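Q: Okay, here's what each chain looks like letter by letter:
Protein chains: 2
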Amino acid sequence: MDHQIFEELELLLKENRFNSLRSELIELNEVDIADFITQLDKDQTLLVFRILPKTLAAEVFAYLDTDLQQHIVISITDRELTSLVDELYIDDTVDFLEEVPANIVRRVMAVTDRETRETINKFLKYEENSAGSIMTSEMVEIHSEYTVEQAITQIRRTGVDKETVYTCYCIDKQRHLVGTVGLRDIIFASPDMLIEEIMESEDAIVSVSTSDDQEYVADLARKYDLLSIPVVDSENRLVGIVTIDDIVDIIEEENTEDFEKMALLAPSEDTYLKTPVITLAKNRIVWLMVLMISATFTGMIIEGFESKLALIAGLTASIPMLMDTGGNSGNQVSTLIIRGLALGEISLSDYFKVLWKELRVALICGVSLASVNFIRMYVMGLITGSHSEPQQYMIYLVVCLAMLAAVIVAKLIGCSLPMLAKRLKLDPALMAGPMITTIVDAMALLIYFGLATLLLTF
Amino acid sequence: MDHQIFEELELLLKENRFNSLRSELIELNEVDIADFITQLDKDQTLLVFRILPKTLAAEVFAYLDTDLQQHIVISITDRELTSLVDELYIDDTVDFLEEVPANIVRRVMAVTDRETRETINKFLKYEENSAGSIMTSEMVEIHSEYTVEQAITQIRRTGVDKETVYTCYCIDKQRHLVGTVGLRDIIFASPDMLIEEIMESEDAIVSVSTSDDQEYVADLARKYDLLSIPVVDSENRLVGIVTIDDIVDIIEEENTEDFEKMALLAPSEDTYLKTPVITLAKNRIVWLMVLMISATFTGMIIEGFESKLALIAGLTASIPMLMDTGGNSGNQVSTLIIRGLALGEISLSDYFKVLWKELRVALICGVSLASVNFIRMYVMGLITGSHSEPQQYMIYLVVCLAMLAAVIVAKLIGCSLPMLAKRLKLDPALMAGPMITTIVDAMALLIYFGLATLLLTF
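Same order as they appear, the protein sequences are chains A and B.
The first sequence begins at 5 in the numbering used here and counts up one residue at a time.
The second sequence begins at 5 in the numbering used here and counts up one residue at a time.
So that you can see chain A by itself, here it is in the shape it has in the complex:
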């Protein structure tokens, strides 16, 4: 959006030239109008919102954030509210009502006609993040025994208020979903053909049930490249659709959730800047606490070996390197596996394939890292002249072998834990970097100290 247009609009607003403002606004995209309204102060918000034609006003309303929506709903008259709810799509109304206090829900319900109210109530009862909670009931339904001509008439008559008309849903007399047909196929068909002749019939249509998780809905839409996906009840009767714009939002939401889980953050409801400090702290503290306590085990391993560490110079200095490299190696593979599982590119039956692959990758990475590390230690030894110290080369060997072992262990744990989580029906995303690091740290040190005890004389 051009910043210049915003300034022009603000000038018109400041000079109270509402007619010009209105005619400028209706030329704009509703998303940009929402952006414009959002950065005004609250009195102006209402003023500009009221200038808009009612259909456009409802479109803009759907793109405002909850605070602003609430402000508008509280401030407008009952009559304006009735017309707003009337113009809004059911799913947008439900989204809004899910976020606001009960008194505002009551106010909205009071001005809504009975039928819409019943639909809204039904939708509000679906579990959060289920297909039922994100669907809209505004789809085009046509009977499968209609002709193309009848269907077009039906679409023209009922389609104007629907969220999409591009996929029409074919039902039988009991409202069972029996097919889908693209508006495109209707347009290109001859008028006297029957809808059931041109529709995609049962085997080819993809539908979800009201209780299915939104992630599953998004996965199907992505896999089958659908513009909308029908939602049916337990008896295969059509109750709603989920449209692609909502699916795109779900995909981003689910990705954000994965990012958060992988950093061991409790999922947030709101954007970062809007989340209060205390909620941010609460979302983070539990896992930090758990991992802090776990890290004391690593500490105990060091403590148990401390008397020996002091005897040979240079052993302690390699601890951070072994821990970090182990953690990073594990993090890399767990990220790939978590992502592969989420996108359906890896399934549980691939476990041994993955393990075998990671073993080979670990060998290549481990040997390279150990070699570079050997060179580094050797060069440092030349500079500091520590080669003359007793068993110096043996120390190098211990560090390099420990490095190789740490990388192998890290890769194997990094690929196994996410798949184990999936197997136990937990979210694989929890088995990401921080969790892997904590486990690999302890293992790497145990191996390191074990090798030192075995190969060095104290």
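The hints are simulated quantities; they were obtained by calculation from the structure and are not laboratory data.
All values derive from a computational prediction rather than experimental measurement.
It cannot be assumed that every hint is accurate.
Note: identical chains are not told apart, hence a pair may lie in one copy or across any two.
Unchecked claim - Derived DSS-like pairs (lysine-lysine); straight-line CA-CA distance at most 30 angstroms:
#	residue 1	residue 2
1	K312	K126
2	K18	K126
3	K58	K126
4	K58	K129
5	K129	K166
6	K227	K361
7	K361	K265
8	K361	K286
9	K227	K46
10	K286	K357
11	K129	K227
12	K227	K18
13	K286	K265
14	K265	K429
15	K265	K18
16	K177	K166
17	K166	K227
18	K18	K361
19	K278	K429
20	K265	K357
21	K46	K278
22	K265	K227
23	K265	K278
Given the coordinates of chain A, assemble chain B onto it according to the supplied hints.
A: Using the frame of chain A, we list chain B on its own:
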């Protein structure tokens, strides 16, 4: 997809009942047919592919992976190939040609008519991941001075081969993009209205240029809830469109790239299972190496303090806990900031807001963690009877203060580095967990040893 249907199809194939197989297949969704073909052996693949009616065959082809596509293209006759390329959408053909060896490209080009060949050549020249490289040229164009009736005739006449007909693009005589109009608005308008009366005109339409990055294209489509987005050249002439199915794929691709970058993996071209071991190792080794070397600085910090560490029991044991907690704290905030920047929820101008927020979050988290840690050490002290050792309480104080400081430093670095990267036009995703951990580790230990030197007597 029902597994049972797959088994039925396999049975029909085994018994050579091709007519039944064909009539079963054409009832299915093209994505499921592609799934079915993918798990057959190579000879059967071709057999089943050839059974399909040619339009359906092209649809299925677009969902096969490159290996299988290549196998089919090599095996079919020139005539079959001509008809396949004819039925495929340009963007699917280009996607395929970008992946295969030159001799296959030549074979495809040889059987293609001149006009298509020129378009393909033009598309192949656009930079990878640019709007030009992902667009298709199969969109419906209508002149803005047409009537609705003329437009409908035009759509019926030219629309059948187009990738989408649901958004039509309005052009003037010089092919400049002057508006867009939904098929829905055309259907509901009266036949004698002019397209320019019902189209969204310039201020409201969103377009991209051929050189724009695909991530930007996806961001716009997501923001404006578009089903397709027009691509124009430097003189605002319409050259193609990007459709929502490709945009959904781009969104997942960009997310995968972010996940990979955050784990410091070089981005992969292929799915995990298909990537060879050596490529996987190569994608991981560079950053592992860099971070391994960096971790030696942390080691040097420990080494410098080693003589003192040996003097007081219990100091070394807290090192992993401080390092891990610091790393995890930094990882949490950097993930939130990277995600917020990617989704446009946080902008660079919010820096001080973010910093102030994180400072407060860090105080809450740091004080809680330090307190729990104090209790843990106190209880452990009771059990082991170490309270009687000299300056034991002072050691607890040093560890807890270091913990608080480490969390504060980690949170501030964790929010600053991604934003700094963005400021420097680098990818913020690089400033994630592993990178933050390496930096925070060193800082945490410096603070720890600093406090120990200040408060303890050795």
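Q: It remains to establish, for every hint, whether it holds in the given structure.
A: Outcome of the hint check:
In the homo-oligomer, the alpha carbons of K312 and K126 never lie at most 30 angstroms apart, since the shortest distance is 69 angstroms inside one protomer and 69 angstroms across protomers. Taking identical chains as interchangeable, the C-alpha atoms of K18 and K126 are never at most 30 angstroms apart, the minima being 44 angstroms within one chain and 49 angstroms between chains. Taking the shortest Cα distances, K58 and K126 sit within 30 angstroms of each other inside one copy (26 angstroms), while across copies they are farther apart (45 angstroms). In the homo-oligomer, the alpha carbons of K58 and K129 lie at most 30 angstroms apart inside one protomer (29 angstroms), although the nearest pairing across protomers, at 47 angstroms, exceeds that limit.
Within a single copy, K129 and K166 get their C-alpha atoms as close as 22 angstroms, which meets the 30 angstroms cut-off; across copies the closest is 41 angstroms, which misses it. Proximity of K227 to K361 under the C-alpha cut-off of 30 angstroms is restricted to the intra-copy arrangement: shortest distance 27 angstroms within a copy versus 40 angstroms between copies. For the homomeric pair K361 and K265, the shortest alpha-carbon distances inside one copy (26 angstroms) and between copies (21 angstroms) are both at most 30 angstroms. For the identical chains of this complex, K361 and K286 are inter-copy neighbours only, at 14 angstroms across copies versus 39 angstroms inside a copy, given an alpha-carbon limit of 30 angstroms.
In this assembly of identical chains, K227 and K46 lie within 30 angstroms of each other by CA distance solely across copies; the values are 23 angstroms between and 43 angstroms within a copy. Only between protomers do K286 and K357 lie at most 30 angstroms apart by alpha-carbon distance; the minimum there is 19 angstroms, versus 39 angstroms within a single protomer. Proximity of K129 to K227 under the C-alpha cut-off of 30 angstroms is found in both arrangements, the shortest distances being 29 angstroms within a copy and 28 angstroms between copies. In the homo-oligomer, the alpha carbons of K227 and K18 lie at most 30 angstroms apart only across protomers (28 angstroms), although the nearest pairing inside one protomer, at 50 angstroms, exceeds that limit.
In this homomeric assembly, K286 and K265 come within 30 angstroms of each other (Cα to Cα) both inside a single copy, at 14 angstroms, and across copies, at 27 angstroms. Both within a single protomer and between protomers do K265 and K429 lie at most 30 angstroms apart by alpha-carbon distance, with minima of 15 angstroms and 27 angstroms respectively. Proximity of K265 and K18 under a CA criterion of 30 angstroms is satisfied in neither setting, with 46 angstroms inside one chain copy and 47 angstroms between copies. With identical chains, the CA atoms of K177 and K166 are at most 30 angstroms apart within one copy only, with a shortest distance of 21 angstroms there and 34 angstroms across copies.
Proximity of K166 to K227 under the C-alpha cut-off of 30 angstroms is found in both arrangements, the shortest distances being 25 angstroms within a copy and 21 angstroms between copies. Within a single copy, K18 and K361 get their C-alpha atoms no closer than 66 angstroms, and across copies no closer than 34 angstroms, so neither meets the 30 angstroms cut-off. In the homo-oligomer, the alpha carbons of K278 and K429 lie at most 30 angstroms apart only across protomers (26 angstroms), although the nearest pairing inside one protomer, at 32 angstroms, exceeds that limit. When the C-alpha separation of K265 and K357 is checked against a cutoff of 30 angstroms, the pair qualifies both within a copy, at 26 angstroms, and between copies, at 24 angstroms.
Taking identical chains as interchangeable, the C-alpha atoms of K46 and K278 lie at most 30 angstroms apart only when both belong to the same chain, with a minimum of 18 angstroms there against 55 angstroms between chains. Taking the closest pair of Cα atoms, K265 and K227 come within 30 angstroms of each other both inside a single copy (24 angstroms) and across two copies (25 angstroms). For the homomeric pair K265 and K278, the shortest alpha-carbon distances inside one copy (19 angstroms) and between copies (26 angstroms) are both at most 30 angstroms.
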